[in-house]
Amino acid sequence: MKVANSPFQFCAASSLTRMTGLQANSLGELLENLRSCSDDSIFNHTFQSLEEHHFLTEGFSNDFAQWVLAACNEPRLAERLAAKDIRQYASISMLRTDFVRTVEEQLAQTPESARRTALQPFYFCETVTVAVPTSWKASTLQEFCEALRHVSIHTVHYHFVTARLREPLTVNDFSDWFERGLGLKELGERIDGIDIYTNTLEGVRERILEEASAWLPA
Amino acid sequence: MATSVNSSDTVAAPKIGTIGDYDSIVGHSEVDEIHALAAKLSGKTVKMVNSTAVGGGVAEILNRLVPLLQEVGLKCEWNVVTGGNDFFEVTKAFHNALHGMAFELPKHAFEIFLATTEQNLQHMQFDSDFVVIHDPQPVGLIKRRKTDSQRWIWRCHIDVSHPNPEVWNFLMHFVPRYDAVLISSPSFSRPLPVPQYIFYPCIDPLSQKNQKLDPEYVRKTLEGFSIDPKRPIVTQISRFDRLKDPVGVIEAYKLVRKYKDCQLVLAGGGAADDPEGGQVLQEAREAAGNDPDIHILELPPWSALEINALQTASTVIVQKSLREGFGLTVTEALWKRKPVVASAVGGIPLQIVHKFTGLLTHSIEGTAYQVRFLLSNPTIAAKLADNGHEHVLENFLITRNLKRSLLLLLTLGRQNGA
Numbered sequence: 001m002k003v004a005n006s007p008f009q010f011c012a013a014s015s016l017t018r019m020t021g022l023q024a025n026s027l028g029e030l031l032e033n034l035r036s037c038s039d040d041s042i043f044n045h046t047f048q049s050l051e052e053h054h055f056l057t058e059g060f061s062n063d064f065a066q067w068v069l070a071a072c073n074e075p076r077l078a079e080r081l082a083a084k085d086i087r088q089y090a091s092i093s094m095l096r097t098d099f100v101r102t103v104e105e106q107l108a109q110t111p112e113s114a115r116r117t118a119l120q121p122f123y124f125c126e127t128v129t130v131a132v133p134t135s136w137k138a139s140t141l142q143e144f145c146e147a148l149r150h151v152s153i154h155t156v157h158y159h160f161v162t163a164r165l166r167e168p169l170t171v172n173d174f175s176d177w178f179e180r181g182l183g184l185k186e187l188g189e190r191i192d193g194i195d196i197y198t199n200t201l202e203g204v205r206e207r208i209l210e211e212a213s214a215w216l217p218a
Numbered sequence: 001m002a003t004s005v006n007s008s009d010t011v012a013a014p015k016i017g018t019i020g021d022y023d024s025i026v027g028h029s030e031v032d033e034i035h036a037l038a039a040k041l042s043g044k045t046v047k048m049v050n051s052t053a054v055g056g057g058v059a060e061i062l063n064r065l066v067p068l069l070q071e072v073g074l075k076c077e078w079n080v081v082t083g084g085n086d087f088f089e090v091t092k093a094f095h096n097a098l099h100g101m102a103f104e105l106p107k108h109a110f111e112i113f114l115a116t117t118e119q120n121l122q123h124m125q126f127d128s129d130f131v132v133i134h135d136p137q138p139v140g141l142i143k144r145r146k147t148d149s150q151r152w153i154w155r156c157h158i159d160v161s162h163p164n165p166e167v168w169n170f171l172m173h174f175v176p177r178y179d180a181v182l183i184s185s186p187s188f189s190r191p192l193p194v195p196q197y198i199f200y201p202c203i204d205p206l207s208q209k210n211q212k213l214d215p216e217y218v219r220k221t222l223e224g225f226s227i228d229p230k231r232p233i234v235t236q237i238s239r240f241d242r243l244k245d246p247v248g249v250i251e252a253y254k255l256v257r258k259y260k261d262c263q264l265v266l267a268g269g270g271a272a273d274d275p276e277g278g279q280v281l282q283e284a285r286e287a288a289g290n291d292p293d294i295h296i297l298e299l300p301p302w303s304a305l306e307i308n309a310l311q312t313a314s315t316v317i318v319q320k321s322l323r324e325g326f327g328l329t330v331t332e333a334l335w336k337r338k339p340v341v342a343s344a345v346g347g348i349p350l351q352i353v354h355k356f357t358g359l360l361t362h363s364i365e366g367t368a369y370q371v372r373f374l375l376s377n378p379t380i381a382a383k384l385a386d387n388g389h390e391h392v393l394e395n396f397l398i399t400r401n402l403k404r405s406l407l408l409l410l411t412l413g414r415q416n417g418a
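These protein sequence lines map, in sequence, to chains L and B. Residue 117 in our numbering is what sits at position 117 of the first sequence, and the numbering runs on without skipping anything. Residue 107 in our numbering is what sits at position 107 of the second sequence, and the numbering runs on without skipping anything.
Everything labelled a hint here was simulated from the structure, so no lab data went into it. Any given hint might turn out to be false.
[As the list claims (entries may be wrong)] Result set (DSS-like, lysine-lysine): computed pairs, CA atoms no more than 30 Å apart in a straight line: (1) L:K84 x B:K355; (2) B:K355 x B:K260; (3) L:K84 x B:K383; (4) B:K107 x B:K143.
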């Protein structure tokens, strides 16, 4: 069995939520703040929110879409915002640009909705993340599977979802290690294709284990 | 592990579960992560200060949190400020004023507050790496801040989004000197020159109110209250307080009964020692009339197990508040995998993500409709309830509060270069 030169170090990532002081009471204010809020705030309401609601598999995508639906009663815009797949973006800046463009397009079509007061305000928050190494490390695929069974879903989220924002961009840590560490490029690609919007994070863990198990020696 | 509360009198806190006892609930990996975070703070000293060792939600949380922090390696102590009746009359008025409620500020209120703060400063030491001050009563202790390297944190458990300006401006002599302010909900925030972090209130899954009960105990509890266990039960647990709208709940129930058979349970305390509570209870009884399926239960404060049993036996749980802090009764219901219909007020929308973890409403008619919907669609109700349970597991348990506390100390400590 192939032994990687550098073991995979599983990290535990935990986060705090910090207020930014920005809030939106209408779609117009949402747009304004989407343009100016911090990257940490966009991260909080997309990547982080998906982690907090990891147990949902039907329809929940990000806080912006949920608020536009529940507080502004704008299902078309909500649907378009919910359809953003955060894995498609190499940076928060690109994700922000796409959110802004989508809201701008909607408000261009229905300018009256920009000022309509929402049922509840949207509070822009930021994520403060602290990542610490766990006791789990893997040098082989077998050790990787064993460790993955034991780490928390926060660790899965850190390595599988938010990793795309860290170097090397747009690839999750697991696939990157499979390719670079174990020479298993195809396994990495198969794992990268697992859909985080139709699986819970627990489901993602199971799918990775299923895929990886197929590559273990009999 | 037992802890002690230091004040003019030392009080032994009750023995509680250890971190290992939560392993089977939150998972071994979660407990491991708590230990990994705590290892980076090993030996750090933390002082918690509040105004009471027993009674109230803050003392309840500290009774759990302080021993858990000690167990994972921090040197954590808990102090209680002391004061005369005049001081606590002032702080009660402050509390109401900060909530935006009617209040009567006693004569010389600010002088009494400052004098009592000085008295407490005479016999309290503040050498800890971190000092966490809970609520407004001890907020003035920041005057004793020794060095810039210490980190002082103000944990504000109350909703200060619409405070009385006079009282808020007084507190603003102290609050900006803290390094961080912790609030329970984004909607409770105020413009401040200090970073504000969200610290959700939490429940303890090992407590009497939230532990799993023997079905036989649940059955006997229902029998004791003459509630039929074989028919659907719709329940609201809350004090008899107008802001909890018990009469609105009864009106919603009556609309439901036109279509669906069910019983209504309204259970809570607050009537015995509160004149307004007594009035509200009377109004609820009048609204209920002689309907034998409406059970209005006035429970004493030591009824945690009975409340647990009523929640456990319920088919749907309602929280039709007109105003709400965080709404821990909603958290308790979700933890017990109950479908919840609740008003979109205060901290409730943080817990009820509409159509995902429960249903939010804005009126009596809406509440009635959603209760009917859930009674008619048990599969959907069960799905919402399962999601709600996961939401609490992820965000609103004492272990999550412990983890947030460790994260905050690490974050503030790093700012300090520690």
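* Asked: For which of the previously enumerated hints does the structure constitute a violation, in increasing order of number?
  -> none
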